[in-house]
Amino acid sequence: MINAVEMRGIVKRFPGVLANDRVNFDLRQGEIHALLGENGAGKSTLMNVLSGLYRQEEGTVRVRGQLVSFRSPRDAIEHGIGMVHQHFMLVPSLTVTENILLGLDEPRFLMRLPEYHKRIAALEEQFGLRAAPEAKVWQLSVGEQQRVEILKMLYRGADVLIMDEPTAVLAPQEIDELFVTLRSMTAEGKSIIFISHKLYEVMAISDRITVLRKGRMAAEPLETRSTNQAELAELMVGRKVIFTVTKEPREPGEVFLSVENVSAESDKGLPALKGMSFQIRSGEILGIAGVAGNGQSELAEVISGLRECTGGTVTVGGQTVSNQPPKAAIDASVAHIPMDRTGVGSSPNLSITDNLIMKTYRHPPIAKGWAMDERIARQYARDLKDDYEIMAPSIDTQTRLLSGGNLQRVILAREISGQPRVILAVQPTRGLDVGAIEGVRRLLLDQRQAGAAILLISEELEELFSLSDRIAVIYEGEIMGMFEEPDHETIGLMMAGQKGKATDDER
Amino acid sequence: MTNAEQSGAGRQSTLPFKVQIEPRLNVPRWLPTAVSVGAVILGLVLGAVALRFAGESHPFKAYASIAKVLFSSWGGISDVLVQATPLILVGLACSVAFSMKLWNIGAEGQFFIGAFAASVIVLAPVLPAETPGWIFIPVMMIAGLIGGALWGFLPGYLKAKFNVNEIITTLMMNYIAIEWNNFFIFGVWSEGGFQMSPRFPKTAWLPRLADYAREIPKFGGLTLHLGLIFGPIAAVIVWFILYRSKWGYEIRLAGDNPKAARYAGINIARNTVLVMMLSGALAGLAGMAQICGVVRRLQGSISPGYGFTGIIIAWLSKLNPLVVVAVSIFFGALLLAGREMGRSDISMLIQGIILFALIASEYLLRNRVRIVRA
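As given, the protein sequences belong to chains P and X, one line each in that order.
With the first letter of the first sequence counted as 1, position 462 gets the number 462 in the numbering used here; the numbers rise by one all the way through.
With the first letter of the second sequence counted as 1, position 4 gets the number 4 in the numbering used here; the numbers rise by one all the way through.
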């Protein structure tokens with residue numbers, strides 16, 4: 001049988017980087033082939049070559065046995081190869097159908113929408129991709145928007161779908177739905193390339209796995225059935241990775257963070273938090289589980305003073321920080337590791353030094369009256385750069401040039417180095433590769449050991465289970481239940497909105 | 001789609017090469033300077049083309065002869081520096097505001113109000129005409145600073161409190177300022193029906209070099225006045241504020257990423273107002289220096305658009321206060337050259353082209369253009 005795609009000896013250079021070094025990649029008809037590797041391993045480059053965005057310097061690409069040379073994504077799609085990007089390219093104010101038809105030659109002048117609605121609905125039926133064709137894209141959930149992106153490619157006749165980290169933006173249930181969809185597509189004869197750096201997902205969905213490391217193939221393609229996570233991690237990182245971080249037992253101390261009956265509104269003015277209460281003690285990690293958009297980001301913002309609350313109070317060590325300027329929380333020793341690292345957590349065009357002193361510039365020794373001591377600030381930055389192993393040419397490097405993992409290290413170094421009493425960690429490992437995730441989790445556990453009260457908001461259940469002392473489930477701005485010894489099933493149900501029969505609190 | 005994707009879709013398959021655009025990972029240190037110099041050269045070349053069409057048969061020779069006139073005699077240099085004096089201050093005014101991404105294009109109006117406020121001291125009068133200079137000058141400077149600051153405060157406050165677009169308010173307030181001044185020079189303070197106020201008493205003048213011609217004959221005819229030193233001093237102060245003070249750090253952080261600044265506990269509203277006031281104050285001081293050092297009365301034609309030239313100077317200097325001084329001298333020469341040739345329109349044209357080239361080059365600073373074989 002002829003392979004759907006056959007790439008041989010692909011070489012792609014960027015100034016100063018060999019992004020792909022003689023990489024081979026085969027995609028069999030009807031399989032899901034995972035492309036695994038850390039950030040910067042060359043996965044996206046390889047797929048950009050296949051989808052016509054880049055051209056390789058050496059090597060050949062064959063599609064169904066035929067030698068091809070794409071000049072543009074349009075060429076690629078004409079040969080049945082379509083890529084679903086991590087960042088959606090949809091027009092929010094247009095409908096699903098309009099988005100799918102955008103840029104096509106047909107329909108020519110009159111849109112004849114009812115007719116196309118029907119065609120799209122039929123396509124959705126065939127592959128089990130539900131998304132109302134008449135709905136405007138802004139009304140759709142993230143999962144539905146992703147389906148529109150997939151439909152766009154299917155409508156254009158794609159036989160090979162390249163999915164670039166498709167699960168990065170999805171909630172756990174949406175991931176399950178996506179996997180069902182992928183299976184139904186392969187059943188219909190499509191072939192799928194699944195780019196990811198999450199091992200358990202790759203194990204769950206793929207038939208075969210190709211691992212890239214530093215632009216090269218780490219091994220010949222593996223059969224998913226005959227491998228395991230530990231082997232994949234070793235291939236990916238190049239050394240053995242310890243999976244379970246060891247959590248030392250620790251008796252919690254006094255209450256550091258107290259959230260009492262807090263309510264707040266979302267940006268759209270809708271109730272986002274509805275009378276939420278909990279406490280976190282010194283040396284304790286409280287994990288917040290929940291599907292994105294159920295009030296998690298609002299919760300962190302209320303505690304750090306970035307959002308007003310409409311009711312209730314937040315106190316840190318007895319001091320009220322809610323409805324105060326953000327500086328009050330900073331002064332009360334609240335560290336905040338925000339979800340949006342480039343939009344909130346850092347200033348992309350400023351240097352690493354300037355980013356590291358964001359919380360300390362007001363106080364001596366960096367501050368000298370109204371002036372700042374540049375020498376001390378730079379020494380402080382150099383020390384943190386070494387301590388937290390921030391990989392950058394110098395402390396003057398702009399943070400926009402840093403990789404995700406290094407940027408997160410800058411943020412962690414800034415937030416954690418001051419021995420905070422309370423740490424708000426919002427999705428602290430999202431989008432990081434295996435090695436970096438391990439480092440971040442270690443740092444959080446070290447802080448727990450040092451006596452910080454940590455609020456860990458995450459969508460990775462595994463992360464919550466391995467780090468938290470207690471787990472609370474959040475749904476539509478309310479805490480559904482609080483557990484010291486949780487199980488996956490109960491938490492999953494509560495995340496979907498079902499109240500638990502008996503929680504630890506009530507027992 | 002990213003730029004790389006668009007360019008990757010090269011349709012010109014007939015050409016033996018294609019142009020590829022990739023985002024730059026690192027901007028070499030020399031590049032911003034090279035781009036600025038390139039913009040100036042482009043401005044001069046296109047200005048020469050315009051001159052050619054305007055009937056000048058050897059435009060580059062004309063440039064050379066003007067440069068010679070301007071820089072070969074003390075008189076010429078002095079005149080250039082007189083032009084540069086207000087430009088340095090308005091250039092700094094724009095640099096400060098732009099550092100926080102506050103698009104203050106009202107330096108022109110703040111300049112006029114600064115001039116007006118300084119005039120009030122003499123013409124209201126706040127101080128009697130026989131006041132000695134060492135009181136007059138500082139009081140007028142303070143009045144100019146406060147007047148400009150007030151004209152910056154209004155748009156700053158509206159922006160901070162109600163998120164009113166400062167581009168519109170500062171632009172519109174230019175016209176209010178100019179007409180406000182006109183009201184006084186046409187009416188209240190009009191000297192015998194002329195569109196100007198009476199001459200200021202001698203003690204309210206900023207001393208000129210020519211004033212000392214009796215002691216040092218070389219200074220005869222040199223119009224350079226004390227206001228020149230305001231600029232470099234202000235430049236050093238502004239540099240210190242921006243790069244060595246806590247406030248300057250807040251300004252730069254809020255300018256690059258306001259959300260991160262809020263997250264760092266910085267009061268953005270307060271800084272918006274303060275930065276607009278500092279910006280206005282600098283432009284106001286320029287207005288004061290101009291009327292006390294050059295025309296010595298309040299009149300309508302005190303600015304050939306200094307406030308707008310300040311915008312270009314700030315961009316060309318990449319918001320670096322110390323570079324503003326040097327760039328202002330170049331623009332001072334450009335303004336004067338236009339006047340010498342009787343073609344100030346051409347010098348405005350050159351300014352405009354420079355600004356266009358600079359803004360367009362931002363793209364080149366962020367992206368790398370490569371020509372590769374297809």
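By construction, these hints were calculated from the structure, which means they are not laboratory data.
Source: prediction; values computed, not measured.
C-beta: ideal position from N, C-alpha, C; glycine also.
There could be a bad hint or two in this list.
Calculated pairs, SDA-like style, for lysine to any residue (alpha carbon to alpha carbon, straight line, at most 25 Å) [said to hold, decoys possible]:
{"no.": "1", "chain 1": "P", "residue 1": "359", "chain 2": "X", "residue 2": "73"}
{"no.": "2", "chain 1": "X", "residue 1": "246", "chain 2": "P", "residue 2": "369"}
{"no.": "3", "chain 1": "X", "residue 1": "161", "chain 2": "P", "residue 2": "343"}
{"no.": "4", "chain 1": "X", "residue 1": "18", "chain 2": "P", "residue 2": "59"}
{"no.": "5", "chain 1": "P", "residue 1": "327", "chain 2": "X", "residue 2": "73"}
{"no.": "6", "chain 1": "X", "residue 1": "259", "chain 2": "P", "residue 2": "169"}
{"no.": "7", "chain 1": "P", "residue 1": "359", "chain 2": "X", "residue 2": "262"}
{"no.": "8", "chain 1": "X", "residue 1": "101", "chain 2": "P", "residue 2": "396"}
{"no.": "9", "chain 1": "X", "residue 1": "159", "chain 2": "P", "residue 2": "324"}
{"no.": "10", "chain 1": "X", "residue 1": "218", "chain 2": "X", "residue 2": "73"}
{"no.": "11", "chain 1": "X", "residue 1": "18", "chain 2": "P", "residue 2": "328"}
{"no.": "12", "chain 1": "X", "residue 1": "246", "chain 2": "P", "residue 2": "348"}
{"no.": "13", "chain 1": "P", "residue 1": "327", "chain 2": "X", "residue 2": "262"}
{"no.": "14", "chain 1": "P", "residue 1": "359", "chain 2": "X", "residue 2": "244"}
{"no.": "15", "chain 1": "X", "residue 1": "159", "chain 2": "P", "residue 2": "396"}
{"no.": "16", "chain 1": "X", "residue 1": "246", "chain 2": "P", "residue 2": "440"}
{"no.": "17", "chain 1": "X", "residue 1": "101", "chain 2": "P", "residue 2": "351"}
{"no.": "18", "chain 1": "X", "residue 1": "318", "chain 2": "P", "residue 2": "393"}
{"no.": "19", "chain 1": "X", "residue 1": "161", "chain 2": "P", "residue 2": "328"}
{"no.": "20", "chain 1": "X", "residue 1": "259", "chain 2": "P", "residue 2": "440"}
{"no.": "21", "chain 1": "X", "residue 1": "246", "chain 2": "P", "residue 2": "376"}
{"no.": "22", "chain 1": "X", "residue 1": "161", "chain 2": "P", "residue 2": "324"}
Have a look at the derived ranges for each label pair, beta carbon to beta carbon [claimed, not checked]:
{"no.": "23", "chain 1": "X", "residue 1": "364", "chain 2": "P", "residue 2": "364", "range": "52 to 62 Å"}
{"no.": "24", "chain 1": "P", "residue 1": "404", "chain 2": "X", "residue 2": "372", "range": "45 to 55 Å"}
{"no.": "25", "chain 1": "P", "residue 1": "279", "chain 2": "X", "residue 2": "269", "range": "44 to 54 Å"}
{"no.": "26", "chain 1": "P", "residue 1": "364", "chain 2": "X", "residue 2": "269", "range": "19 to 29 Å"}
{"no.": "27", "chain 1": "P", "residue 1": "389", "chain 2": "X", "residue 2": "32", "range": "46 to 56 Å"}
{"no.": "28", "chain 1": "P", "residue 1": "105", "chain 2": "X", "residue 2": "372", "range": "45 to 55 Å"}
{"no.": "29", "chain 1": "X", "residue 1": "71", "chain 2": "P", "residue 2": "69", "range": "53 to 63 Å"}
{"no.": "30", "chain 1": "X", "residue 1": "217", "chain 2": "P", "residue 2": "379", "range": "47 to 57 Å"}
{"no.": "31", "chain 1": "X", "residue 1": "364", "chain 2": "P", "residue 2": "404", "range": "23 to 33 Å"}
Hint check:
{"no.": "1", "hint": "359(P) / 73(X)", "verdict": "54 Å, violated"}
{"no.": "2", "hint": "246(X) / 369(P)", "verdict": "9 Å, holds"}
{"no.": "3", "hint": "161(X) / 343(P)", "verdict": "23 Å, holds"}
{"no.": "4", "hint": "18(X) / 59(P)", "verdict": "20 Å, holds"}
{"no.": "5", "hint": "327(P) / 73(X)", "verdict": "58 Å, violated"}
{"no.": "6", "hint": "259(X) / 169(P)", "verdict": "22 Å, holds"}
{"no.": "7", "hint": "359(P) / 262(X)", "verdict": "11 Å, holds"}
{"no.": "8", "hint": "101(X) / 396(P)", "verdict": "22 Å, holds"}
{"no.": "9", "hint": "159(X) / 324(P)", "verdict": "22 Å, holds"}
{"no.": "10", "hint": "218(X) / 73(X)", "verdict": "11 Å, holds"}
{"no.": "11", "hint": "18(X) / 328(P)", "verdict": "56 Å, violated"}
{"no.": "12", "hint": "246(X) / 348(P)", "verdict": "19 Å, holds"}
{"no.": "13", "hint": "327(P) / 262(X)", "verdict": "9 Å, holds"}
{"no.": "14", "hint": "359(P) / 244(X)", "verdict": "17 Å, holds"}
{"no.": "15", "hint": "159(X) / 396(P)", "verdict": "32 Å, violated"}
{"no.": "16", "hint": "246(X) / 440(P)", "verdict": "31 Å, violated"}
{"no.": "17", "hint": "101(X) / 351(P)", "verdict": "18 Å, holds"}
{"no.": "18", "hint": "318(X) / 393(P)", "verdict": "24 Å, holds"}
{"no.": "19", "hint": "161(X) / 328(P)", "verdict": "21 Å, holds"}
{"no.": "20", "hint": "259(X) / 440(P)", "verdict": "24 Å, holds"}
{"no.": "21", "hint": "246(X) / 376(P)", "verdict": "14 Å, holds"}
{"no.": "22", "hint": "161(X) / 324(P)", "verdict": "18 Å, holds"}
{"no.": "23", "hint": "364(X) / 364(P): 52 to 62 Å", "verdict": "42 Å, violated"}
{"no.": "24", "hint": "404(P) / 372(X): 45 to 55 Å", "verdict": "29 Å, violated"}
{"no.": "25", "hint": "279(P) / 269(X): 44 to 54 Å", "verdict": "33 Å, violated"}
{"no.": "26", "hint": "364(P) / 269(X): 19 to 29 Å", "verdict": "26 Å, holds"}
{"no.": "27", "hint": "389(P) / 32(X): 46 to 56 Å", "verdict": "31 Å, violated"}
{"no.": "28", "hint": "105(P) / 372(X): 45 to 55 Å", "verdict": "30 Å, violated"}
{"no.": "29", "hint": "71(X) / 69(P): 53 to 63 Å", "verdict": "59 Å, holds"}
{"no.": "30", "hint": "217(X) / 379(P): 47 to 57 Å", "verdict": "56 Å, holds"}
{"no.": "31", "hint": "364(X) / 404(P): 23 to 33 Å", "verdict": "27 Å, holds"}
Of the numbered hints stated above, those contradicted by the structure are hints 1, 5, 11, 15, 16, 23, 24, 25, 27 and 28, listed in ascending order.
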